[in-house]
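4 protein chains.
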Amino acid sequence: MAGNTFGTLFRLTTFGESHGVAIGGVIDGFPAGFSIDMEAVQEELDRRKPGQSAIVTQRKESDTVQFLSGIFEGVTTGAPIGFQIINENQKSSDYEHLKEVYRPSHADFTYDKKYGHRDYRGGGRSSARETACRVVAGALAKQFLTEKGIDIFAFVDQVGNIRLSEDDRIDLSETESNPVRCPNADVADKMQVLIREVRKEGDTVGGCIRCIVQGVPVGLGEPVFDKLHADIGKAMLSINAVKGFEYGSGFEAAEMLGSQHNDLLNPDGSTQTNFSGGIQGGISNGETIFFRVAFKPVATLMKDQPSVNNRGEEVIVKGKGRHDACVVPRAVPIVEAMAALTIMDHWLRYKAIN
Amino acid sequence: MAGNTFGTLFRLTTFGESHGVAIGGVIDGFPAGFSIDMEAVQEELDRRKPGQSAIVTQRKESDTVQFLSGIFEGVTTGAPIGFQIINENQKSSDYEHLKEVYRPSHADFTYDKKYGHRDYRGGGRSSARETACRVVAGALAKQFLTEKGIDIFAFVDQVGNIRLSEDDRIDLSETESNPVRCPNADVADKMQVLIREVRKEGDTVGGCIRCIVQGVPVGLGEPVFDKLHADIGKAMLSINAVKGFEYGSGFEAAEMLGSQHNDLLNPDGSTQTNFSGGIQGGISNGETIFFRVAFKPVATLMKDQPSVNNRGEEVIVKGKGRHDACVVPRAVPIVEAMAALTIMDHWLRYKAIN
Amino acid sequence: MAGNTFGTLFRLTTFGESHGVAIGGVIDGFPAGFSIDMEAVQEELDRRKPGQSAIVTQRKESDTVQFLSGIFEGVTTGAPIGFQIINENQKSSDYEHLKEVYRPSHADFTYDKKYGHRDYRGGGRSSARETACRVVAGALAKQFLTEKGIDIFAFVDQVGNIRLSEDDRIDLSETESNPVRCPNADVADKMQVLIREVRKEGDTVGGCIRCIVQGVPVGLGEPVFDKLHADIGKAMLSINAVKGFEYGSGFEAAEMLGSQHNDLLNPDGSTQTNFSGGIQGGISNGETIFFRVAFKPVATLMKDQPSVNNRGEEVIVKGKGRHDACVVPRAVPIVEAMAALTIMDHWLRYKAIN
Amino acid sequence: MAGNTFGTLFRLTTFGESHGVAIGGVIDGFPAGFSIDMEAVQEELDRRKPGQSAIVTQRKESDTVQFLSGIFEGVTTGAPIGFQIINENQKSSDYEHLKEVYRPSHADFTYDKKYGHRDYRGGGRSSARETACRVVAGALAKQFLTEKGIDIFAFVDQVGNIRLSEDDRIDLSETESNPVRCPNADVADKMQVLIREVRKEGDTVGGCIRCIVQGVPVGLGEPVFDKLHADIGKAMLSINAVKGFEYGSGFEAAEMLGSQHNDLLNPDGSTQTNFSGGIQGGISNGETIFFRVAFKPVATLMKDQPSVNNRGEEVIVKGKGRHDACVVPRAVPIVEAMAALTIMDHWLRYKAIN
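Chains as they are written, first to last, in my numbering: chain R, 57 to 410; chain D, 57 to 410; chain F, 57 to 410; chain C, 57 to 410.
The reader is advised that the hints may include incorrect statements.
Note that the list lumps identical chains together, so a pair holds whenever it fits in one copy or between two copies.
No more than 20 Å apart at the CA atoms, straight line, and that leaves these computed lysine-lysine pairs for PhoX-like [to be verified]: (1) K155 with K204; (2) K407 with K169; (3) K407 with K105; (4) K169 with K359; (5) K147 with K359; (6) K246 with K155.
In short, the hints are calculated from the structure, not lab data.
Next comes chain R alone, as it looks inside the complex (with noise of 0.2 Å):
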């Protein structure tokens, strides 16, 4: 049974290989007689896309998308909305000399000793071209929250051994404004000095991405397996190059204790502290919801790397192509997808009972 389905009742099925004619999906679930901003959902993918600073990969995709149903007048239907984005500015012959090659840390080997067939150019399925589809729908998702009073905001708070302290002031107004995005101006500076520094060694280096959703309600989630943070974390653990996630206190908590941890209530059903990161028992709280998620770096190198091919013969793969020497900025818009389809979904199971 495979797995290109995302979501119970607000369901997003996605298809499209890196160097195919076409990536693209298909919502089901979402509302009748919503508004979309065209426009906010191509500023969405325009965040994600490449090529856009000195420090993130130079291929050029318009990533245009392109809406084939669901929306009559600007206003959804109910019925399901269909999208594409045209691949294009694809340089297959990149690819050429990987065709039967294993890449150290991709997906290469197990595609190929899975599937037996598989479309080795650009990665084929197993590219994070797709998640482009992820942030289509993640945006018409934002829209909906938005106007539920749901915000979320995701961004940069570690790149390598370069990461935001307690102590470093936060500015969510300035995620945008740096290539990192990264909410403080200084640590970014410092981010991007070492990018540089790996990016010209032709290496690549990890990151984490915090995330903060406000204004969810009380009563989101749906223990005891389909708990809001179990979701949440599945939803960013099948993001492409994810190795980690924690949500409020996280791996800390390991080493508190209970005295330390709890978070005591207020009359009003606020509590005083936030380790349990707005989630008790899997379902909100009313309080700020937020989590990490952690990348590793991408395997695609610009540096030699010996390796095997699929008649088990040893073969240097060059390091060639366009890659991001880290992945994590981009993967920003990404992560807040995630949420905002995760979150979503969750607000209809809800509404469904309440």
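Got chain R sorted already, so can you dock chains D, F and C onto it with the hints?
Here is chains D, F and C on its own, set in the frame of chain R:
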């Protein structure tokens, strides 16, 4: 839409509250013709139950599982397997004082707001009691997987600030020989000392569990949304008190360079390192799968805490009942169970197309 | 992938064989805060059980349902509702001779080939015994729907060649007052005469059930695949012995002209005729929903039949056990139950977006 | 929760309205390594399209399918297969007068009430145009099944009161050689005469399609809810204008005795008769599967009808546009497509456990 079912082809649906008549579930999709070792199932349950040592809660539950269908003459028939565990040794009076009170960092508040009418006794459906049902189903899945050459081992690798380091020797055969389920006797001692101190203070402490899965063949996992590690992550995050999940290099990958992090391939398809944690592109690559799960300190303390009740009045939550100072050792069989459920599900999903 | 779960937002998962320990299920998604009338549930079960009259099977089952969770102080909590019915009065020795034999037009052959290992006693999982679980869940759904103004009435409108015609007066209050559940006393008498004759011969006969659903608001149904009548049809076809389903004008529509068949609209949205059976484009239009379900004659005869065993040898299947000559009267509460499950599910699906 | 996805392991999600930019879908779960015959897919589409003869609608659509992903060098990769069909030859002005009008027995009223905002042109999402997407996916499924030895043949066996009887000779090779797709030339002639007469009156007439599936192995079907015939029935009932479904002996079984109806077994497992229609206990038994689907007369007439608009005012719906007098011949490939989707899904579900 409620969320009490886990899995797609191999499905577990559970029911039951802490102080209800019984807890139990239905396992659907277990292939026919498999001989069930009933004693082994009961042994898994016994690993999970309280009252096993001085460091865990003294609530005595016999936790005897009774199978009601789906197994004929000891062999599965392919029909759904219904089972139940009768609740006993409930001291409902321990909870009388909590009828209208919201305990800090518990699910009392969120359940009350979401559902309106809640069984407050022992935490009701939000209690970790329901994890016994997961262990039953996981025990069956473990037997199935073992026959396919797949084995699952979890153990405690952190309690508070006591942590197994890279240099500590790990002997998995020692896991069950100490109450903290740590596979290194010295570190286990330190952990027990810490837990006793915490318990004496009426406090609680968090920790981490690491899990290893050996023998998974290449090809399990369904990108792009049902990647193997994403489903494992959701499974773990659905366990009570879990705050974080990471696999392979996890959060450490964020600090690494690609040249350090890439797992170079050997001609036979194995890798020289395993930062990938056995999963690449969301699909198993034949290497050992390993991951870590972070647990917060249990919210119920044996000391008084200030809180509020459902009328917004300030109250004192007295430390009563019988609770763990550290829940992590008891969670080891639950982590193994959830890993077994996830991997068996993916094994069947893989088999449908291979 | 097994198929023992029905529904999406309102979900029933059942388990249990005819001669196993118990049958039962889990109802997930029943909204919280609803007062359950336990006696009414037991009454529905009693309507279904055998031994109620001289024309049906004499197997005595008390069919007492026991709820295990999800209902606290008589009110639903939103948690999954587990329930069971202990099997009693099984005469397993009645089936000893069938251990290796395939009864004609039964599921013995197909279950043996599909699963390999089967519980042959009483038909195992293929027995209509599991429909008792559907009636339990349907009884809860009926109470919920009645509160929303939706009522479901099924009755027998055909046994063999005895059929309620257009001219026969129907009084729904008479349905329960005769053993065949036909709402016209005269036709009911003819049906009973036929059934007795058939039973005397050791034979069986088929029939049809018609079902009426009143009070369904406009808007239920989810095109294009989960149209309301398509889900109702699947629900009915899943009942043992069902061979056909039609709604509104049904198969008669094939012979009609559009000018005859169209339901003209009144200014208030009601229709002048109702060949549509209350559903247009797969969505309810506010008119009465009605449909018919065809049942084949039960395959177990009280006379001997030639057959084969699992070694391909010819055998005689002796007429033994206790069986209905006509199963249709007992199926009336099952049809109502499946209608209730389907409509409640669609009611919740509708509510999620309205 | 919307319902635009069909299937579990083999899944089709469709989108698209009659007069939107395009219709299309995503096929997920098609196994990798399969060679697709693209021409055969287009042929199936061509069988469905209008304008093929004087008895069907004259709307000209080229219905050319374009595949966007999932097929590389003509072979499936296991990745989701996205496809689209650009809408052309829409005469949207034909529908301007219907903007606020509810056509009798159409979905206009129910869609307007359910969704509020609807694309009224050509019936929008409720139009049978979307069935072209089902035919595309069904064409792929048919190729897969044919390779497994499973073949599907549907044909018209009734138009109005003209019906193929038991005595009429059926030659499946004649089905495509006449516009009504009836496999008996004489009966086909009578049907065409009737359709022409009806068309001349500006009226429409209903009919029935019978479908035969050969070569299904023993064991497909997942009781108790996803019985093979129940899923086939739901698939058929989801097709526009369908009012009834029966399989095997169907509604006739209601009049039969068990001694007449039972299919006695031969030593090799085959049966002497086949009233079971190839399915027993919801599982295929290796015999030919056959079923009938009843279609109502199309609601759009070429003569005027009285109706109301969305303000409750009485209006006249003029007979305009280009419509079929009898939709049944064009529905034959749709019935085959839905049968293929259902059986392929069950084939994969079966394979997961065998």
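Status of the hints after comparison with the structure:
With identical chains, the CA atoms of K155 and K204 are never at most 20 Å apart, being 48 Å at best within one copy and 31 Å at best between copies. Taking the shortest alpha-carbon separations for K407 and K169, only the inter-copy value of 14 Å comes in at or below 20 Å, while the best intra-copy value is 43 Å. In this homomeric assembly, K407 and K105 never come within 20 Å of each other (Cα to Cα): the closest approach is 34 Å inside a single copy and 37 Å across copies. For the identical chains of this complex, K169 and K359 are neighbours neither inside a copy (26 Å) nor across copies (56 Å), given an alpha-carbon limit of 20 Å.
For a Cα distance limit of 20 Å, the shortest separation of K147 from K359 inside one copy, 19 Å, qualifies, whereas the shortest one across copies, 58 Å, does not. For the identical chains of this complex, K246 and K155 are neighbours neither inside a copy (38 Å) nor across copies (53 Å), given an alpha-carbon limit of 20 Å.
Figure legend: structure checked against the earlier numbered hints; hints not met, in rising order: 1, 3, 4, 6.
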